[in-house]
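Using the sequences and the accompanying hints, generate a full structural model.
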Amino acid sequence: MNTGLAASGAAVPSAEARGARRDARRGFALALPATLWTLAFFVVPSAAILLWSLFRREGGVLITEPGFDNYRRFLEQDTFRLALWNSVEVTLMVTVIAVILAYPLAYVIATRVAPRRQRTWLMLAVLPFWTSYVVRSYAWLLVLAPEGVVNRFLTLTGLAAEPLALSFNRGATVLGFVHFFVMLCTLTIYASLARIDPKLRRAAADLGASGLQTFLRVTLPLSMPGVAAGAFLTFVIAIGDYVTPQILGGNTELLMPQVILLQINRRADIPMAAALSTVLMLLVTAAYLALARWLTARRT
Amino acid sequence: MNDRPIRWDWVSVLVMSPLFVFIYLPVAVLVLFSFHAGQVPVPPFEGPSLAWYAKVLDSDRITTAGLNSIVVGVVSSLIATLLATLAAWGLARHRVPGARAIEALLFLPLAVSYLVIGVGLLVAFSAVGIGKSLIAVGIGHVVLNLPLAFAVVYGQFDRDQARLEQAARDLGATEVQVFLRVTVPLLRPAILAAFLLSLTFSWDEFIVAFLLSGFDPTLPVVIWSMLRTGLNPQTNAAGTLVFLASLAAGIVFELALLRRRRDARTR
Chain A
1 MNTGLAASGA AVPSAEARGA RRDARRGFAL ALPATLWTLA FFVVPSAAIL LWSLFRREGG
61 VLITEPGFDN YRRFLEQDTF RLALWNSVEV TLMVTVIAVI LAYPLAYVIA TRVAPRRQRT
121 WLMLAVLPFW TSYVVRSYAW LLVLAPEGVV NRFLTLTGLA AEPLALSFNR GATVLGFVHF
181 FVMLCTLTIY ASLARIDPKL RRAAADLGAS GLQTFLRVTL PLSMPGVAAG AFLTFVIAIG
241 DYVTPQILGG NTELLMPQVI LLQINRRADI PMAAALSTVL MLLVTAAYLA LARWLTARRT
Chain B
1 MNDRPIRWDW VSVLVMSPLF VFIYLPVAVL VLFSFHAGQV PVPPFEGPSL AWYAKVLDSD
61 RITTAGLNSI VVGVVSSLIA TLLATLAAWG LARHRVPGAR AIEALLFLPL AVSYLVIGVG
121 LLVAFSAVGI GKSLIAVGIG HVVLNLPLAF AVVYGQFDRD QARLEQAARD LGATEVQVFL
181 RVTVPLLRPA ILAAFLLSLT FSWDEFIVAF LLSGFDPTLP VVIWSMLRTG LNPQTNAAGT
241 LVFLASLAAG IVFELALLRR RRDARTR
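First to last, the protein sequences are chains A and B. For the first sequence, counting from 1, position 54 maps to 54 in our numbering; every step adds exactly one. For the second sequence, counting from 1, position 230 maps to 230 in our numbering; every step adds exactly one.
What the hints contain is simulated information worked out from the structure, not anything from laboratory work. Don't be surprised by glycine CBs; every beta carbon is placed ideally from N, CA and C. Some hints could be false.
Which residues of chain B face chain A? A few of them, derived with a C-beta cut under 7 Å, are [what the hints assert, rightly or not]:
1. L105
2. L121
3. P220
What follows is the structure, encoded as structure tokens:
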């Protein structure tokens with residue numbers, strides 16, 4: 001329809017211009033409800049967070065005179081600084097481990113399984129993805145409990161003399177995260193790998209590249225968009241997740257989302273929660289900028 | 001397509017099996033011990049017994065929360081899918097100035113943590129005096145799902161589909177006929193996929209519901225409060241039911257996408 005107008009309209013510019021305006025109006029009207037919803041319930045609340053982060057709470061009263069008190073407290077108090085550091089550490093660890101585990105899985109499915117069966121294997125590999133994340137963390141608690149399956153196995157086989165403390169520590173948090181994000185990264189990396197023309201690999205081999213050289217210089221670079229997409233999603237979701245560290249990590253060390261919830265539920269200090277949320281948003285923006293090279297390359 | 005035979009070399013098996021054990025271990029333990037007859041869901045397994053499922057279905061708190069989750073899920077997914085379909089239509093089939101900016105805006109919530117979106121809504125709602133309720137949760141879930149639903153439906157409006165619509169017009173179909181007999185049938189799997197994806201995400205969503213639901217909790221929030229009692233086969237049974245419901249939606253979603261792809265191939 002658009003192309004038809006553009007081709008025939010040159011002779012009658014005013015009619016064409018009118019048609020184009022009508023077309024634009026119609027398109028805009030269709031996109032309007034979604035745009036308004038996003039503005040009202042996403043952009044405005046985000047702006048509210050920024051604004052509230054400048055307020056402060058003193059003696060149970062909200063003081064709306066803007067200032068940077070919350071951010072100063074964030075930089076000065078160990079609880080907050082430590083939470084940020086823990087969050088960044090855990091999230092980076094999870095991202096790296098998830099990608100390293102997911103890559104071979106995606107690679108085997110994309111290159112070693114017959115094309116007809118790849119979809120099925122991929123579905124099987126990510127089936128537990130559909131468990132709700134509260135349930136999934138609880139399920140890991142069952143596995144890691146002192147009386148749980150892993151400890152029972154270790155003590156029965158004599159690999160451990162007594163049950164190990166596997167839950168309520170950082171290791172458990174990382175494990176619970178990695179489980180979910182291995183599945184997510186398998187999906188994104190597979191999508192990239194499946195798009196690579198097998199002819200390219202064959203051409204590299206014909207030109208005398210070894211298997212390793214073909215992988216390092218053809219397959220890996222071409223699959224980087226999938227790796228970056230998986231890494232970015234992992235970072236965004238993991239750094240903002242409250243459930244996994246709260247259930248599996250216990251209260252041994254707090255991550256940013258736990259500290260934010262603490263401000264809301266225990267302290268009723270919404271301004272501080274807003275400031276911490278802003279820091280979280282900044283971290284995600286930083287992650288996006290770090291990976292932007294591959295993330296934007298993907299779209300074109 | 002060149003259908004190579006499966007080459008199950010030992011390296012592939014060595015890579016696949018430990019990862020599959022890792023991926024399936026918690027789900028297997030969760031489901032197995034939901035049939036446990038004892039009081040604590042740890043080995044050795046006793047049973048099987050359906051006692052804990054009976055207890056779950058007997059609990060008013062859990063079934064009410066389940067109903068809440070279904071209502072919030074269905075309504076918010078319908079809204080998200082409708083808004084997404086309209087927007088995809090407007091941006092793909094009309095030449096709108098600033099279309100890229102609108103697209104970017106619609107995708108933006110994907111780059112923000114659910115927690116931050118939830119805190120934002122909490123702050124904004126309390127500022128204008130909207131209390132915690134299932135409606136607040138539903139509004140939040142539309143925000144979370146709109147970008148995904150938009151991505152799924154928008155992806156379907158490709159050049160092939162525009163060509164088919166043009167072909168129908170050239171063959172003398174009226175605009176209404178084009179819409180009803182070309183556009184909608186081609187779009188239906190994508191719309192269904194967008195709806196089901198939204199539905200499963202809403203069904204499983206915890207943090208926004210936790211922050212905004214108040215006295216009418218959704219199912220994940222109730223399961224969360226059940227965790228305070230520690231390991232309990234009743235939680236296993238409830239978790240298994242939640243998993244099965246998501247799985248069912250997930251499988252229908254996969255089939256809808258698969259059909260879309262097959263349609264694309266036969267074109």
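Determine which of the earlier numbered hints do not hold for this structure and return their numbers in increasing order.
Result: no hint breaks.
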